Amino acid sequence: MLLPLVAFVTAPVLAQSLGVLGRGEVASATAPFLLMSVVASLGLPDAVTYFVASRSVRMRTIVGGVMGIAAALGLLASAGIALASGWLAGGDTALAGLVRIAAIPLPLYLCLGVVRGIAQGLNRWNLVAREQAIFAVSRLMFIVGLLGAGHLDVLTATIVFVVSPIMGGLAYLPLLGSSLDYPRTIREPASLARLFRYGSMTWLGAISGILIFRLDQTLMTPLSSTEELGLYVVAAAIGEIPGILTTSIQNVTLAKQSEDPQLRTLGETSRLGLLANGLLSLGLAAASPLIIPLLFGREFKSAVATAFILVLAATLNVPGAVVGAGLAARFRPGLRSLALAIACIANLVGLILLVPRFGATGAAWCMVLSSLVHSAVAVGIFHHLFGGRIQTLVVPRHNDWLNVLGFMARLAHRAHLPVPMPPEPVIPRRAIDPDAHL
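Numbering (my numbering), first residue to last: 12 to 449.
Keep in mind that the hints were calculated from the coordinates and are not lab data. Among these hints, one or two may not hold up.
To be verified - FRET-style restraints, in silico, Cβ to Cβ:
hint, residue 1, residue 2, range
1, Trp98, Asn137, 37 to 45 Å
2, Asn410, Gly91, 45 to 53 Å
3, Gly391, Asn137, 30 to 38 Å
4, Leu94, His394, 43 to 51 Å
5, Gly76, Pro185, 17 to 25 Å
From a predicted model like this one, the values you see are computed outputs, not experimental measurements. For glycine and all other residues, C-beta sits at the position ideal for the given N, C-alpha and C.
Put together the whole structure using the sequences plus the hints.
What follows is the structure, encoded as structure tokens:
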């Protein structure tokens with residue numbers, strides 16, 4: 012969780028240094044980069060994770076074919092952003108220049124996504140965590156260094172935002188020599204065409220997912236104002252913290268379920284993720300009225316209500332993210348994409364209707380709507396195909412509470428906080444478990 016911690020530290024620094032207008036300009040400049048980093052990926056990172064985890068592809072196929080195509084797609088995406096920069100900037104010439112600058116690293120970022128997919132498929136989660144740590148620390152060092160030197164402005168902040176993620180790629184250097192011959196045994200060798208076919212089925216979902224989470228910031232300036240975007244970005248700094256936890260759970264679920272698709276494990280993961288995310292979101296919501304004015308400045312006080320709504324949306328999205336990963340792991344990526352596409356349509360309609368009138372708050376309620384739709388559709392599809400009780404996926408049980416509270420108590424104990432340990436959860440016998448068939 013180092014990345015959200017660094018985001019929490021740097022967000023007020025940027026807000027105080029750049030102000031509402033400047034922070035909004037940085038968000039406007041980097042939003043197309045974030046959007047195209049998923050749109051142009053063609054679902055390749057998830058495809059790589061699936062086939063590597065299921066031992067169905069040779070590394071030479073990935074390195075020799077996928078990486079080159081990812082780089083070419085990045086170049087095309089950068090060119091597309093450059094051509095549309097004037098419209099994306101709302102006619103602001105200076106902001107259009109920042110949009111073009113932010114798009115330059117896209118080829119490298121798309122290649123990094125493929126490498127991350129390899130690491131996830133190999134269960135090298137230590138490298139994935141190291142990537143996030145390098146990314147977070149480099150961003151913090153750059154921002155603090157620029158602030159101390161008196162050079163932190165909209166341009167330098169934009170460059171830091173798009174360069175620091177690529178710095179995290181240094182974490183994957185150990186893969187160069189250790190994984191090119193993995194696996195030595197292939198269950199059913201997959202061709203490059205099959206890998207791209209899987210990727211194409213996840214592509215719609217990838218586009219829909221990034222549209223749900225980034226389209227609001229991309230369209231905020233044309234539909235409302237840069238000031239509203241600045242407020243929304245501050246609220247999103249709070250609201251995205253539980254979302255990072257959800258993404259981590261989703262990535263692990265895809266890799267683990269691709270290797271060994273167990274329905275019982277999927278249900279437990281969904282429930283525990285929902286419970287942990289909900290508790291984290293509740294704590295963030297309670298702290299927001301104090302944290303936002305204190306860290307970001309009183310001019311951002313109106314972002315508190317938006318932060319409340321965004322943490323609610325993050326919690327409601329957990330079942331959809333986890334169950335969607337379960338669908339993709341069972342070679343149903345198209346159905347996962349369908350759930351995300353329906354949620355994206357709901358989000359887009361909401362943005363068009365609400366943002367011009369309600370600004371940042373309207374965009375936040377659109378996130379709640381899309382999260383509800385995503386989870387409902389994904390869980391409904393999974394239940395229809397694979398059976399089981401819906402409650403198994405979305406309703407935490409007594410043992411789930413004990414597991415989560417026990418984990419929190421152990422963390423507090425390690426930090427030497429006076430928190431009593433809860434009792435150990437009671438594991439029911441399979442014979443009396445109402446969901447034993449799962």
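Against the structure, the hints come out as follows:
| no. | hint | verdict |
| --- | --- | --- |
| 1 | Trp98 with Asn137: 37 to 45 Å | holds (43 Å) |
| 2 | Asn410 with Gly91: 45 to 53 Å | holds (50 Å) |
| 3 | Gly391 with Asn137: 30 to 38 Å | holds (36 Å) |
| 4 | Leu94 with His394: 43 to 51 Å | holds (44 Å) |
| 5 | Gly76 with Pro185: 17 to 25 Å | holds (22 Å) |
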